Every structure is written in structure tokens, then in C-alpha cells.
Amino acid sequence: MHDLLSLMIWLPIAAGVVVLLLGDGGIVAGRWIALVATLVTLLLAVPLLSGFDTSTAAMQFPEKLAWIPRFRAYYALGVDGISVPLIVLTAFMTVPVVIAGWSVIESRPAQYYAAFLIMEGLMIGVFAATDALLFYFFWEAMLIPMFLIIGIWGGPRRVYATIKFFLYTFLGSVFMLAALIYMYVKAGDYSIASLQALPLTLTEQRWIFLAFMLAFAVKVPMFPVHTWLPDAHVEAPTGGSVILAAIMLKMGGYGFLRFSLPVTPDASRELDLLVITLSLIAVIYIGFVALVQADMKKLIAYSSIAHMGFVTLGAFVLYEIVRSTGSITGAGMGLDGAMVQMVSHGLISGALFLCVGVLYDRVHSRQIADYGGVVNTMPVFAAFMVLFALANTGLPGTSGFVGEFLVIIASFRASFWYAALAAVTLILGAAYTLWMVKRVVFGPVTSPRVAALEDLNPREFIVLGALALAVLIVGVWPAPLLRIMQPTIHHLVSQAVATKL
Amino acid sequence: MPHLPAAVLSSTSLLPAMPEIWLVCAICAILLVGVFAGERRGGLTATLTLLALAVDAALTIGYGHVPQRTLLLHGMYVADDLAVVLKLAALLVVALGLLYSRAYVETRHILRGEYYVLSLTALLGILVLASAASLLTVYLGVELLALSVYAMVAFDRDSGIAAESAMKYFVLGAIASGALLYGMSLIYGLTGSLDLTAIAAKLRDPVHPGVILGLTFIVVAVAFKLGAVPFHMWLPDVYEGAPTSVTLFIGTAPKIGYFALALRLLAQGLAGTAAEWTQMLAALAVLTLVVGNVVALRQTNLKRMLAYSTIANVGFIVLGFVAGTPDGYAAALYYTLVYVLVALGSFGVILLSSRAGFEADKLDDYKGLHQRDPLLAATMLVLMFSTAGVPPFVGFWAKLRIFQVLWESGHLWLVVIAAAMSVVGAFYYLRVIKLMYFDAPAGDLPPSAPLAGARFALGCNAAAVLLLGVLPGPLLDLCARLIQ
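Sequence order for the protein chains is A and B.
Quick note: the first sequence uses this note's numbering, first residue 494, plus one each step.
Quick note: the second sequence uses this note's numbering, first residue 371, plus one each step.
Chain A with its partners taken away, still in its complex shape (with noise of 0.2 Å):
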């Protein structure tokens, strides 16, 4: 299957379109069209993972078409081992997204469906593009459903954050565009294998740097410009949620590593300590401040914060590797850190957001005071939460271990006080995590509106078990998903230590 790529990303999209065009009126037709296609989308993901070759770092699945021959511009796809484990996530969230939202969503929901197929194809897009144009576009567009996901379907506060969501990630972007183009200027092509290979002084390198790094810090998101997070969480619905923390923060990582590592390698090298620095900020300054949290969402808002920062850190300690240990062995490990990372977060925090979804559908509130005792009605869906939330905290068993374990065991080769830093957030992560779940699943029944609790429906039952299988799974048996990864890192570790000067 030679187009492969360009069926996930446009199957959605015209899904999507058929849903709005039904309208509300065919909902019921509208919501199996939904459905189908991201499980269609997710089957689709299955030739994608057997096809995959694990001996080459080279792109796969090809697709190059010309687009806007003027800028030499391609819509040109292409899949490694950093994109084809996102892809699937991508392909994986989504189907739990249209199901939560099934019975739920009661005001327009044509729109609400067809904004999260659109977006779907989008954000496939984005890991797939191996056009720099390309991969703008998909990454820009994508703002837009999301804005309107935040601001039709979220709670009180929903236009403030929508709108800061937008323009913090439309400001980053922006100077991502300057950048890319002055690339465009000096390469002749958007491409960006020829933008890794560009030769660049170190002074474009810091600014090039730089202008990614605002870009792709919006997104993850790092300290300082985390801020637009909680608010998008809060306010988000259920769904929004899911795909803001499960995939929509990943883009910021996968940039990292797409763009900052191979084409400004100088740089890196150079800034490394400014995103390691923001990185352990982020895991320990963000813990405190989610374990004071009050409000569920919130809480899982600044944990998502804490976790990629895991991401990020892994990512950038690679240089302090080299340095401290002149080798490059075990450089590796960091990134497969980072990369396991994201996609056990997009499994976690997505599930964490379906849980407290779930508790919101039945009691309307997400303030951990409203409840209390949930154990006691719902034993099933307490049983989920205490599952998420100890892979939240990195319980060895569940994928949250495996990405943090392989990022501390990165940060003590390169310096032991990033190790213990970054190990606080063990701790952090157990106490913020395992206090919520103390205060809402646990203990005697506070109030009648948690006594008149019913414990999960069928379809939440397949959600939060499929979710479940997959954490475990990844947990457990890593392997192959280091494997597709394995040869991919492998040559980003060459690109990040060569040098363009």
C-alpha cells in the first residue's frame, strides 16, 4: 500500500466532512460514519506497523507529489522511527475520543465529531510530512478545530483559554514560519532532509534555534510558557482533553527531535543547559504546584507539564552525555527515553482525562472536594483510576515506568545531579497523584451525590480497558516499540553530535 499515510490522514478529514455536512439532523448515521473511519484509521495502522522495516532509519512508505512547484514545495510523506509510534497513538486516541463523546455530547454534536476527524487527519499529517511546508500547514490547521472544540464545547471560562491557547501557539509558530522560510531562502527547498543538511553558521543556528524552540516550548508545554495549558484543560471537554494532552503536546517533542536536534545541532549543543535547566524546572516547580491543585483537570493539567518535561530532558542531555563521558554510547538512551515517554503520557493522561470525565458526566464537577468514597459505588471505575494513576506516578509494570526510568538512567551518565533532580519528581508524581486518588476514590461516602453514583457503562468499560491493555502492555514488553524506534534514534544521535560549523 504505497499511499498509505495519505489514506490516515485524508480518511478522517472526509469523514469528518460527511458528519458536518449530515448535520445534526443525521447524527445517528454521523456518529457511526465517526466511528468507522478512526477504526478504520486505526486498522489502517496495523499494515503500517507489520510493513515497517526496524533495519533502517530511512523514511518509509514514500509519498511525493508535486504541490506548489514555484517554492518547491512537495506534498511529500514519509514515515520513521520517531513518527510511526506517534502516528499509532494518534490513530489509537482518537477512537476513544468518538466513543466517550457518544451519548454525551448533546449540543451540536455533528461539529464536535467532525472538528475531531478533521483534526485526526491533521495531526497525522504532521507526523508524516516530511515537507517542511507541508508540515506547517498540517501543524497550523490543526489550531483550528481545536480552538473550536475549546470554545463551543468547554466549560465557563472556555473563550479566555481557547483564545490564549490559540495565540500563545500562534506566536510560537509564527517565528517557527520566519525560520523555516530563511532556511527555504538558503536551501533552495522546503524538504526537511535538505534543511538538516543545510550548512549554517552558529549565529543562524542560536536564532534558528531559538525560533523552533519558541515554537515547539508553546507546545510541550515547557516552563514559562506553560501557562495556556491548565486553562486549555480546564475548560476543554472531555474529548478536547484527551487529544490536547494525549497527542497535541507531543508535536512540541516530536519537533525537538524533527527539526532542533538534526538542523541546528551547533546550537543544541550550545543551549543544551537553557531546555535541560527549563526541563527540571518544569518536573520539580510544576509538581508542587500541581499537588496544591483543587480542581481534578487541573491537577492532570501540571502533571502532563512535569511529564514532558521528562521529554524534553531526555531529549538535551544527550549532549551532557558526550561531554562527561566523551562517548556517544548510551547517548541514545535519553531520546528512547523521551520517545517512550510521549507515548506512555498520551496513554496516561489521556485516560486520567477519560476517568475524570466520567466522574464529571455523572456529578458535574471536577473539584476533588465534591467527592470522596468513589470506591464505594463505582468499584470497576475505581479500579481504572488507581491503575492510571499508579502508571501516572511511573509504577514499574506500566509504560509511565519504562520512559522515565530510561530518561534518569540517561541523566546519570551525564551528571548524577540530573539524575536526583529529576528522580524528585518520583516522588512528586506518587504524592500529587496518589492524594487525588486518596481524596476522591477513597474513604467513607461524602456526599449523596456520590452515593447515587452508578458505576461504569459498557462503553466506558471498553475505553478505560482498552486504554488499561495498552499501558500495561507498553509496560511490560517495551521491546518492539523500542525496536521501531531503535535504528531512527540511532542516526538522530548522529545528526545531533556532527556538527554543521
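What the hints contain is simulated information worked out from the structure, not anything from laboratory work.
Everything numeric in this text was worked out from a predicted model, so none of it was measured.
Some clues are possibly wrong.
[What the hints assert, rightly or not] Cut-off 25 Å, straight-line C-alpha distance, at most; resulting in silico cross-link-like pairs (DSS-like, lysine-lysine):
no. : chain 1 : residue 1 : chain 2 : residue 2
1   : B       : K732      : B       : K804
2   : A       : K557      : A       : K679
3   : A       : K657      : B       : K538
4   : B       : K804      : A       : K657
Following the hints, position chain B against chain A.
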């Protein structure tokens, strides 16, 4: 000049000017029809006008399209591919604009035959500008366009605010025309020629200080016509005060004419002083971007907000000229065409949202538009995201192209300022979307007009914005080819 015909007024030598000749005839005929048909059968003049535009487009393709650049009428008139495309764009935009505003003018009793006749004389001015090859032709086009538009602004004679806008427009416009004429006379005095090609040939380094003086006046006039800061004062008042159908007219087709004005005068005639006028324009562009975007943030009237948005967009068009290269002019042309397409749709939405006795020009009138009229809201959503420069809409490519030519010509700071200002600009476009989609409808606003034809055209307008955004190649190529 070998290509000048011996007999100036032979029939074949006039053929490329057929679009203008036909338009003059059509104007006379429609004026007479309007007088005899009277106000009762106003629909007749509208239909005839659209017909005349269609014929004109056919003539433009048939006769205006010449194998190579040709000069007619003693070098006063140039026929080239650029002129053809500009004319076709202007014809299309005027026709669509009339279609959008037809119901609006009918319900407001401003429909007299002269309304359409004035639109056509303004259009004639645009066509003349598109083909201008000498200072005189340029001035003729500018005045034809300006005088018609002054009258159109005042068309709603019982409206005090419209009369006030028209007066402001006229007085300030007259000053600008004076500046233009003064600058032209200096250039003429120092080069001894009215012909733009001849002027370009004579203006070689070192440039006479008098030329710079003349150039300054011309730049001021061009900036005024385009609405660049600090010569923008008329624009918000006129946009707000004029009947919306006239605002639509002013906001769209004349921009094509003024692009031609800037291109023919500065880039072609005064190419020898490019080093000077690019500096002047750079300062204007920065001011325009900052003032347009920042002031737009505070508006509560949609027409006025779109006026400041126009100013901000003019800043981008001027940036294309600042680059001072053929690529830069091509980028400015692309930006102009894209902007006109989007502005056409935006004002079309205002027109279709209005009803007799209800102007729909306050931002608050758009609260919950999505619930009242999904098609109009969706159209406006597309147009606003496009102007904000978000892919997959065509406005993104227009901005990208400007950034590109600025990088190529090494204007680092202009890139940074333009990038920052497009983020500021995004805010007020998002606000319109917020009102339409996130807010509940306010009270008992009348439903929008159920005009199938205009609504269909508006839908196509939005679809074109999306389609040109997904596949921008052909239009980009066309613009680049026209400027070479």
C-alpha cells in the same frame, strides 16, 4: 518607438482598448435606461450592469489579451497580460459585489440608475489605471475612480454620517490628488516626458534632488489612496459611514486599481529611484502594520474593525513593494488579489446579515450568528481565519510570500515586526469567530436575507478561499509570471 502605429486612430490599433470603450458605451446606455425606466424598475439596470460586465470580461479576454506588450495611443495606454488579469479580477469583484449588495440597495431606497452607473465609472477608472502607461493616464484613472466613489459614499442622501464621510473623503482625497499632480508635474518638468517608459529610461543615477521631491509627493498620494498610515485617517470613517454596499465596493475593486497605480508609477516609471522609495515605504509599512492591528483591537463596529484590518493588510502589500524586486511586486500582487477576495466575502456577510432597518454593522450583532445562520457564520469563519493567516486558507500563503520576499531582500526586522503584528491581528479576527460561534444569540435579531443567488455566490467565495489555500500553486505562478 517602432511599435507605435503610424495612424494613431486606426480601428485595429484600438482593439486592445475595447474593454474601456465598451464600458463607456455601456455606461451611457445604462444611464439612459435608468432615466427612462425610473426607480420602479431598478432591477433592470442591475441586470444590464451585470450583463455589461460579462461582455466586458469577454472583450478583455478576446481583445485585451495581446501576444506581447503593446503600447497604444502614443504610448498612453499599455496592453499586457498584467493589465488583462487586473481587469478581469476587477470585473469579477465588481460583479460579485453588485450581486451581494443588490437586495441591500433595493431595500434602502438608494437604488437609482446612477448607483450602478457610478459603480461602472469607478470601474472604468480601475481599468484605465490597469493599462496606464503615462502620467496623464494614471491621473485620469485615479480621478475617474475617486470622483465616482466620493459620490457613491454620499448616495444615502438622508444619512448625516454618510454625508460627513463623503465630505471627509472628498477633501482629503482632493489633497492627495493635488499631491499626486504636483509630484507628477515635478517629474515631468525634470524629465520632459509623461511617458512612464521614457521617464524610467531618463531617471538614472545620480538622481536630481527635484526628482526626490516629486517622488515624495507621489509616494504620499499612493499611500493615501492605499490607506497607509499616517495617511489613513479617511479610511475608517468612510468605511463606517458609507452604506455597506458602498463600503464593499471601496474595500475591494479599487485596491486592484491602486495596486496598479503603485506598480506602474513606482515600480515601472520611477524604478530608477527605487532605493529612495523603498525606504519611504518601509517606514510607512511598519507604521501601517502597527497602527492598523493595534487600533483594530479596540473597535466595536465590524465595518470599522474591517477598515483597520484593511489598513493592516495594506501594510503587508506595501511590504511587498519594500522588497523592491520583481518577486516582491509579484508577492504584493498576490496579496492584493487574495485580500480583495477575502474582503469581498467579509462585506458580503455583513450585507446578507442586514435587513431593512437593521444594519448588522456592530460586532454584537454577530453574537450567535452560527445558530441563526450557519452558512453565513461558516463563511465568515473561513474568511476570518484566512485574513489571520492560518492555513489551510489562502491568506496564509499571501503572508508567507511576503515573508519570503522580505527574507530574500534581507529585511530581517521587517520580518520580525510583520510576524509579531500578525499575531496581534489574529486576536480581533478570533473575536469575530468567538462572537459567532461561542456566544449565545442576543435577543431578537432579524434572520438574515434568504437570497439564494447571493448566498450561493458567497459560499463559492469561501470555497475559493479554501481551495486556493490547499492548492496555491497556480495563482502564485500566475502572479509571478505577470510581473516578469
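| message | Given the hinted pair B/K804 and A/K657, is their Cα-Cα distance within 25 Å? | response | Holds. B/K804 to A/K657 sits at ~12 Å (cutoff 25 Å).
### Query
Holds or violated: are the alpha carbons of A/K557 and A/K679 at most 25 Å from each other?
holds (22 Å)
- request: Take a quick look at whether B/K732 and B/K804 sit within 25 Å of each other, Cα to Cα.
  value: Measuring from Cα to Cα gives roughly 14 Å; hence the hint holds.
*Given hint B/K538 paired with A/K657 - CA-CA distance at most 25 Å*: violated (39 Å)
Hint compliance for this structure: hint 3 alone is broken.
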